[in-house]
Amino acid sequence: MNTNKKSSSGVQVEIQPEVLIPDYMVGEIRSKLAYVDESITQADVSPDRIVLHLNPRGQEINASRKAEIISKTQQVVNSMARGAFKPKIQVLEDQLDRQLPYHDDPMPELAAAREVSQEAEGIFTIGPLLSRLIDFFDRQFIDLASSFEAEPRRFPTLIPAQFMERVHYFRAFPHSLSFVTHLRENLEVIDRFSETAACDRGNLNSPMESFARIRTLLSPAVCYHHYLSLADKPLVGGKSITTAVGSCFRYEAINLTSLERLWNFTMREVIFVGSKEFVLENRELARQRMEPFFKELGFAYRVESANDPFFIGEFRKQAAFQSAFQLKFEIRALLPYRNSTLAVGSYNYHQDFFGRNLNITLPDGTPAHTGCAAFGLERMAFAFVYQYGLDQAQWPANVREALE
Amino acid sequence: MPSQIDQPLVEEIQALLADAMKVPIEMVTADLTFGDLPQWDSLGHMEILMRLEEKYGVEVNAETIARLVSIPEILQFLKENEHE
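Chains A and B are the protein sequences, given in the same order.
Residue 1 is where the first sequence starts when you use the numbering used here, and the numbers rise one by one after that.
Residue 1 is where the second sequence starts when you use the numbering used here, and the numbers rise one by one after that.
Don't read these hints as lab results, they were simulated from the structure.
Any given hint could be a false lead.
[Said to hold, decoys possible] Label pairs and their computed distance ranges (CB to CB):
#1 A:Leu158 with B:Glu53: 39 to 45 Å
#2 A:Phe265 with B:Glu54: 39 to 45 Å
#3 A:Gly27 with B:Glu54: 25 to 31 Å
#4 A:Val19 with B:Glu54: 15 to 21 Å
#5 A:Arg192 with B:Glu54: 24 to 30 Å
#6 B:Asp36 with A:Lys233: 36 to 42 Å
#7 A:Asp104 with B:Asp36: 51 to 57 Å
#8 A:Asp104 with B:Asn81: 39 to 45 Å
#9 A:Arg82 with B:Asp36: 50 to 56 Å
[What the hints assert, rightly or not] List time: in silico DSSO-like cross-link candidates among lysine-lysine, alpha-carbon distance up to 27 Å:
#10 A:Lys66 with A:Lys88
#11 A:Lys276 with A:Lys233
#12 A:Lys88 with A:Lys276
#13 B:Lys79 with B:Lys55
#14 A:Lys276 with A:Lys239
#15 A:Lys239 with B:Lys55
#16 B:Lys55 with A:Lys86
#17 B:Lys55 with B:Lys22
#18 A:Lys88 with A:Lys295
#19 A:Lys66 with B:Lys22
#20 A:Lys233 with B:Lys79
#21 B:Lys22 with B:Lys79
Virtual Cβ for every residue (Gly too), placed ideally from N, Cα, C.
Based on the sequences and whatever the hints tell you, model everything.
Set out below in structure tokens:
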């Protein structure tokens, strides 16, 4: 049975899912409901109950609109939860029970100290202390890359749409894409734009036909550029280890509510390309080489198997596949103030997915395998502050000294 | 090569895979392995597993997803579980 209530900020719709949501799917479904309808501002999910908070944004949410939203919600739940495969979680490192000095939400303190400033949803600027922390973490990851004698590279922020199509990104993660365009090369269009362009509640008022067709996206990951550079040719020497840092973009709709989820963030990656054994061995070596650093840092975290946030249609199969083959291990840092964890990095193995789809071949003619160790630099620094606060006297001595 | 006695079951498996991957049955050789055809990718693999579940009652779990990656493995598994 579904019921409706009015709240001060809009309408609440309570939905009883047609299929019981397994506990391990609650978070995944909550995050995907953000993409069901633009009027959804919040989704509360439990195994047998969903409450959607709707903001009409000037338009009436009548019975037919409600029915449409409920139907789409049921569709998402059915697609993801019906016959869901329970992931087999493998824990490789567990330091979650570390004693920590800070248990509050650091956001008010960070904002008051001007260490973070929000420009828009998911877009934050970062102050000097957090910037130094980010540099400190990045130095550790550069050291990791050096231990593999990884070649440094620099990659652009933009990535061709054509390439993303080749690696099936549109099918797997359509919801998180960020598109790039520009004004059409047309004098009238440019003149009209310069004379009339204005923002209405943050939205640019220019008609869509002023903009060129989309050929480019904002890059969602650093390593993709490396695979693109290796496409359609044999892999020289049969192996490659490289490192790069870059801006990444993943749109997360109403999930972009705090520092924990940024639309625009920075990743340092160490990227392995070669045979299956080469990639798997180096992925594991990367994890083992980072373990002493995280332990000495006093970080409360866990490394455990995980899956990527595939979109609704592909989620059930792809997530089960990733889990069964242990393709992804996440470094999940404790956020003490809400007793939950946040992924701050991951150790990934893609099998020969990129090798096959991009025609990257090993000397024996078979497709290359790929993998990477990826670290979210802002999330690392935020997680550290969530655990140790802003008072540097409370910080581990090795971090204080490194920042002096 | 499968033994003569296994041939009917191998042919059933080949037909199931061809159907799941939407490829002509001639492409599904008796020793086909995950990745040999572009259609036997992660999504194709899960589709195959779900059809095996439907037809033979194979439980789709982490162990079977990771193990049943070739026709010989599928044959062996079915024989161990249902055709002993």
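Evaluation of the provided hints:
no.	hint	verdict
1	A:Leu158 with B:Glu53: 39 to 45 Å	holds, 43 Å
2	A:Phe265 with B:Glu54: 39 to 45 Å	holds, 42 Å
3	A:Gly27 with B:Glu54: 25 to 31 Å	holds, 29 Å
4	A:Val19 with B:Glu54: 15 to 21 Å	holds, 18 Å
5	A:Arg192 with B:Glu54: 24 to 30 Å	violated, 58 Å
6	B:Asp36 with A:Lys233: 36 to 42 Å	violated, 22 Å
7	A:Asp104 with B:Asp36: 51 to 57 Å	holds, 55 Å
8	A:Asp104 with B:Asn81: 39 to 45 Å	violated, 54 Å
9	A:Arg82 with B:Asp36: 50 to 56 Å	violated, 31 Å
10	A:Lys66 with A:Lys88	violated, 37 Å
11	A:Lys276 with A:Lys233	holds, 18 Å
12	A:Lys88 with A:Lys276	holds, 22 Å
13	B:Lys79 with B:Lys55	holds, 14 Å
14	A:Lys276 with A:Lys239	holds, 10 Å
15	A:Lys239 with B:Lys55	violated, 42 Å
16	B:Lys55 with A:Lys86	holds, 21 Å
17	B:Lys55 with B:Lys22	holds, 17 Å
18	A:Lys88 with A:Lys295	holds, 25 Å
19	A:Lys66 with B:Lys22	violated, 38 Å
20	A:Lys233 with B:Lys79	violated, 42 Å
21	B:Lys22 with B:Lys79	holds, 25 Å
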